[in-house]
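*Asks:* One-letter residues, chain by chain:
Number of protein chains: 2
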Amino acid sequence: MIKVVKIGGNVVDNPSLLREFVRDFAAMPGMKVLVHGGGVMASQMQKEMGMVPKMVEGRRITDEETLKVVTMVYAGWCNKNIVALLQAEGCNAIGLTGADGNAIKASRRPPVHVESIGEDVDYGYVGDVTADSVNAVFIYSLLEKGIVPVFNAINHDGQGNLLNTNADTIASSVAIAMAKYKNRSPRSVTHETDLIYCFEKDGVLYDKDDDSSVIPEIDREKFAQLKAEGRVADGMIPKLANSFKAIDSGVARVIVKHARNLLGTTGTTLI
Amino acid sequence: MIKVVKIGGNVVDNPSLLREFVRDFAAMPGMKVLVHGGGVMASQMQKEMGMVPKMVEGRRITDEETLKVVTMVYAGWCNKNIVALLQAEGCNAIGLTGADGNAIKASRRPPVHVESIGEDVDYGYVGDVTADSVNAVFIYSLLEKGIVPVFNAINHDGQGNLLNTNADTIASSVAIAMAKYKNRSPRSVTHETDLIYCFEKDGVLYDKDDDSSVIPEIDREKFAQLKAEGRVADGMIPKLANSFKAIDSGVARVIVKHARNLLGTTGTTLI
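Residue numbers (my numbering), protein chains in the order written: chain H, 1 to 271; chain C, 1 to 271.
In case anyone wonders, no lab produced these hints; they're calculated from the structure. Misleading hints may appear alongside valid ones.
If several chains are the same, the list does not tell them apart, and a pair holds so long as it fits within one copy or across any two.
Straight-line Cα separation of at most 27 angstroms, BS3-like style, residue types lysine-lysine; simulated pairs [to be verified]:
#1 145 <-> 180
#2 239 <-> 201
#3 245 <-> 54
#4 145 <-> 182
Taking the hints into account, I'd like the entire structure generated from these sequences.
*Replies:* Below, the structure is given as structure tokens:
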């Protein structure tokens, strides 16, 4: 069994929540991978440095200066702070960008046509990741030694460029790749792989205004029904759709739960 | 044979020199480790962020904010940029702080009594590294897979704190640890280990104002003689003294050469 756990900026930015999460993650038995998002520190840094974010249609353009800042914050401070905290809890973590050990390659996103300005816009050093670009052999070689990979959102294109990518997609790509991976020795064995998204709610809520209305299990039929009823919060729909894609690609279960409750049973399991 | 190569900020800060160096380092055959210093980017960042460096007796105090900045710059941008460039040259590099895989532990430097102010001064998150605190088993497990560790100056204390350390000392500590390390299988084998310091001169100069006066080889007798003659530049003396200590501890050779000339024969060999 391999568990791929994703935490977002809300955990990374909150020192006491992060310490609590790190303790729980360290105590979680078995092979595991952590993927963390960025948080607001990169934007704060840019502001402090007098940089003005360039936005087109509400989306940030990652120019060279912005790439430097997100690499410093995500791969530098956030990643190494988490690794040092995990080490203090006896978890032998190793912080990785996709460039390290060529763990994950990303492809730079081509320019996108933006209707409102009638032009192609190059969003800069932004990359996309798929399960095929994950180096499962390398990741498994760490896992079987008891080493715990901790990924941040920075990957590389193999041509010397770092790229900023989406941490949710990294988590699902790594989970799919590990689910498909077969040990070559002693014989071909696959590992049941769970993908766990931690966020600031106890799970997928039936009533988005009622934190106690967690839906314990959602299958495709139930998902269709919830969408039809307008029950699932808007932001949750693409997350769930992507989770079912991960299950289609071999991931055993996707679990959505609160970052404070990694070891507990409360949460929503997608099957 | 294992080669441990150290580069300083002058290489890290110079994009064209860095690319040239990275090409040469990637082409260098055999097991190898890279250790890089920081450069001026951390100080620039602090200035841009309006931070005022706290100095006592000409030495910087690494408070929490300063630690964040050096971790971001050294372990974030500098380290990941070098790793991505090495990957593009076909060298399977992995960027590491001491926290990653618990590769190197550092001990926080205790407060130092400063005569001029008659007080003990805590220099903050600054650590010291020795060969005994290097995890040679882990480093060797990477080397034997053809993976090339790239260390920066950030290490951890094992209690959740990152510490800023001296990159020259990291390089010599890693070299000593690898020279002492014995493979357990198939049988106890040690690896001849060279320590290579790259800097902005072709080697140790007989006449510090004449770049062509490189001394090809220095043994202890010659070193004593050069010191007595006042021939070696002041800053070079502690470096050479530390190099001879590394040789006393098992390192085969220490070589001082220009960063542009990693693959060439010009340089000073200490034996």
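*Asks:* Now tell me if each hint is right for this structure.
*Replies:* We went through each hint and held it up to the structure:
Both within a single protomer and between protomers do residue 145 and residue 180 lie at most 27 angstroms apart by alpha-carbon distance, with minima of 19 angstroms and 23 angstroms respectively. In the homo-oligomer, the alpha carbons of residue 239 and residue 201 lie at most 27 angstroms apart inside one protomer (14 angstroms), although the nearest pairing across protomers, at 56 angstroms, exceeds that limit. For the homomeric pair residue 245 and residue 54, neither the shortest alpha-carbon distance inside one copy (32 angstroms) nor that between copies (53 angstroms) is at most 27 angstroms. Proximity of residue 145 and residue 182 under a CA criterion of 27 angstroms is satisfied in both settings, with 16 angstroms inside one chain copy and 19 angstroms between copies.
In summary, the structure is inconsistent with hint 3 from the numbered list given earlier, while agreeing with all the others.
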